[in-house]
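Protein chains in written order, with the working numbering: chain A, 1 to 371; chain B, 1 to 296; chain C, 1 to 242.
No wet-lab data here; the hints were simulated from the structure. Some hints here could point you the wrong way.
[Stated by the list, open to error] Pairs of lysine to aspartate or glutamate residues, derived as DMTMM-like cross-links and limited to a Cα-Cα distance of at most 25 Å, are as follows: (1) C:Lys170 x C:Asp91; (2) B:Lys193 x C:Glu108; (3) B:Lys193 x C:Asp154; (4) C:Lys165 x B:Glu182; (5) B:Lys193 x C:Glu102.
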Amino acid sequence: MTEVKSPEVPAPPAAVPDELTPGHSRWHGLRPYAPLVALVVAAILPYSTVNLPGVFEGPLNSPGTLQLLAICLVFGGLAAGYDLLFGRTGMLSFGHALYFAAGVYGTDVLVTRAGLPLWQAALLTITGGTILAALLGAVALRTVGIAFAMVTLAFAQVGAILVARDFGGLTGGEEGLPLDVSGLPAALVGVTNTVNLYWLALAYLAVVVLVVHRVSGSPTGRVLAGLRDDERRIGVLGLDPYRFKLVAFTLAGGLATAGGTVYCLIVGGASPHVTSSELTLSLLVMVVLGGPGTRWGPVLGGVLYMYLDHRLTAFGTSDAVNSLPAFLSHPLSQPLFVLGTVFILAVYFFPGGLASLRTRLTPLTTALRRR
Amino acid sequence: MSTVILLTLTGLGLAALYFLVASGLSLVFGLADVLNFAHGLFLGVGAYATWWAAGNLPGAGSDGLGFLVAVAFGVLAGSAVAVLVELVLIRPLYSRTIEQVLVTVGLSLAGVALLQATWGADARPFPRPEWTRDVTSVLGAQVPNAGLLLIVAAAVVLGALLAFLRFTRYGLIIRAGVENREMVTALGIDVRKAFTLVFAIGGAAAALAGALGSVYFGTVSPGQGGSLLIFAFIVVVIGGMGSVVGSAYAAVAVGLLQQFVNYYGTSGLGDLCVVGLLAVVLLLRPQGLAGKVAHA
Amino acid sequence: MTEPVLSVENLSVRIAGLHILQGVSFDVAPTGVTVLLGRNGVGKTTTLRAIVGLTPRNGEVRGTVRMGAQSLLARPTHRLVRGGLGYVPEDRCVFAGLTVTENLRLAERRGTSPAYDKVYALFPELDRRGRQRAGSLSGGQQQMLAIGRVLLNDNRLLLVDEPTKGLAPKVVTEVAEVLERVAESVPVLLVEQNLAVVRRLARDAVVLSAGRVAWTGNAQDLLLETALTKSLLGVGSGEVHA
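Taking the hints into account, I'd like the entire structure generated from these sequences.
Next up, the structure:
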């Protein structure tokens, strides 16, 4: 009987600073349990009525806050799945949005247009998205490096065109397609049930982290890491890089599709922006900001990015920013300007992302403690 | 018949736009291995700088010589931004391909947001000479002048680029560098100067595309570069990275295919055919029509 | 005892985590040909590339390499080459899409006059085929072009990596003749597998084995030691044909 590992989930953004501060020595014995504790904290969070002014608009258990947190958690999972490609295998895909969008639109169209029950729609969508990833991956992986990036970008563009042009009137075009909630389980419908969607998002994140963790710890994962470091060496060992990369690509695609299904339920529909290449780019930003190839970095990056993306809009229209001169206040009111700039700075100064901060801060804290 | 001529010429107009964006991308990629996501930003800078100059720069305007001055200003601005990007952001990451891509990704996000912050997210009417709003009758087809302008501009840029690559010392260095950059340095040449130069050229061509594309569409908006960029990427891959001539052929193929299929098929089908073309070319000739083998 | 033109001390190279060179030290004599020998994969090319600053980015170089008083490591390749370090890479690396003349013109430098007379005297073929694309030349002609390109400028030392690889026996002799004449005026550090060429050209030899120096000394002495060449190079000197 192998030891059952707890699903590992980080605390939501409010608890991020705690995660990052290096613990004292007595914490070391407890560290293996930290993910479990974080999961429990995250799971019971909706019972809290704590108000964090400035951090969230309403109390923690208000539907608005829970929805934001749910979106953050889904993107934490998406980023962790994308990291399976970028951080752990070294594949630079610019088309990951396609599989996420397949999840969002697949679920939405099957429920709203075809009237399928949710579980059937979800099952079909996730299967379909995984097959799609396997097929397109089989073609795209004939190229490597930058050419691979461009091909995946082009494939994702097909998805964007299909959705925007609204072939057969399925997707609603530019308007998007609101989810028909009449056939959904009652527990997932309505403002009062936002908490259930939050738990669903948390479960999704837990599953992704577990899968990615398991895969990267397996012999396959070691081959993937080898591919990232030096593909030729894997070839010399008599292993076929193509097959391993296809496995990673398909798995990541399937996980992204599942994330799309969850996201569709949380926001109650689909809109064309989920197909945009910008979404893939932001996944890349999340992973790099968090720390590619680390267990918690991408999750942290995803959660934090989505949180900032939402909250910076409010920050941009706040009095503090508005009172600044125009040449400062205008750019600062654009979340993407702030995030893009932070990202560039991160590439230069924190190549390991947030996850490397701990090791970078350790000498500092030991020096401080010695005094 | 006149429909076919009209579609051919508007398709070529589109091809001209793709070529202006793709030629610079292709050279930058071929020489420096930088997949430049910020290229769309150069296009936006060119468009907005032209737009700004037409209204504010003394001597510039929206018609006649004044318009020429405005476009020249836009092209210079695009080129200057490109050089700045290369010197400040790309050069310190020399030969670290992935980091360079990441930086250009960040730049494309931040840059477009900055344009949006400064001039708003909505499309603005673009100042353009009266004659570009008219049509010219070509063999019975009524072709918009702005499209013809694009075709002429792209042809001139193609000719100038080829002459530059063929007859100048830096052109020689760039051609050699696209083939084998390392060997160029092993002959005692500082290849990084050529990097800056291709960024300047690419930025100028993209800025010209921004200015003339805005004349063609009649409006300017911050996101304009992004959608063009994806098709320009496709053109670069089909044409072969690092090949200007390849980019020209591929741009014409993509522009015509898109225009004809979108007209005779459903709207949007042409765009899909273009991606299909890309997949076919990659499967049959992974190095593109005329380029070196695309590698990491 | 004459000062060496190049001295390598404790050179270690790690690429993608693998130790390719581990503490390699040797000198290159100021005249004649010093040959770098060893079986495939012992790090000969890695040594030359490290000297000329072309270690790949995922590689890490330690140690010192000095040419005269000047330390070479950590200086960009184009500076080293301008400082008189000529490099003829493995597999020739001519620019296939450029003409022969264009390949040569690329090596011209501002402020110096290129020695076209010297190069065309050594390789009359290059003069005749000036307008031909380098990619359409034969292997031997490409090798001549690769060497000629470097000889346009004055060099203090030439690094030449397997110039006879993949060439027909007759062409091998031609290339060896050329190198012999070149070495009269400039010292050469040569990587070579063909022992006949080594016997003809080399005075000193450095033998690498698994990333370390296994033997240094007189090249002709080495070739007489059948057992030694067999264990270090995998061939007996009896198999050497001139």
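Each hint tested on the structure:
| no. | hint | in the structure |
| --- | --- | --- |
| 1 | C:Lys170 x C:Asp91 | holds (18 Å) |
| 2 | B:Lys193 x C:Glu108 | holds (16 Å) |
| 3 | B:Lys193 x C:Asp154 | holds (24 Å) |
| 4 | C:Lys165 x B:Glu182 | holds (21 Å) |
| 5 | B:Lys193 x C:Glu102 | holds (19 Å) |
Violated hints: none; the structure is consistent with every hint.
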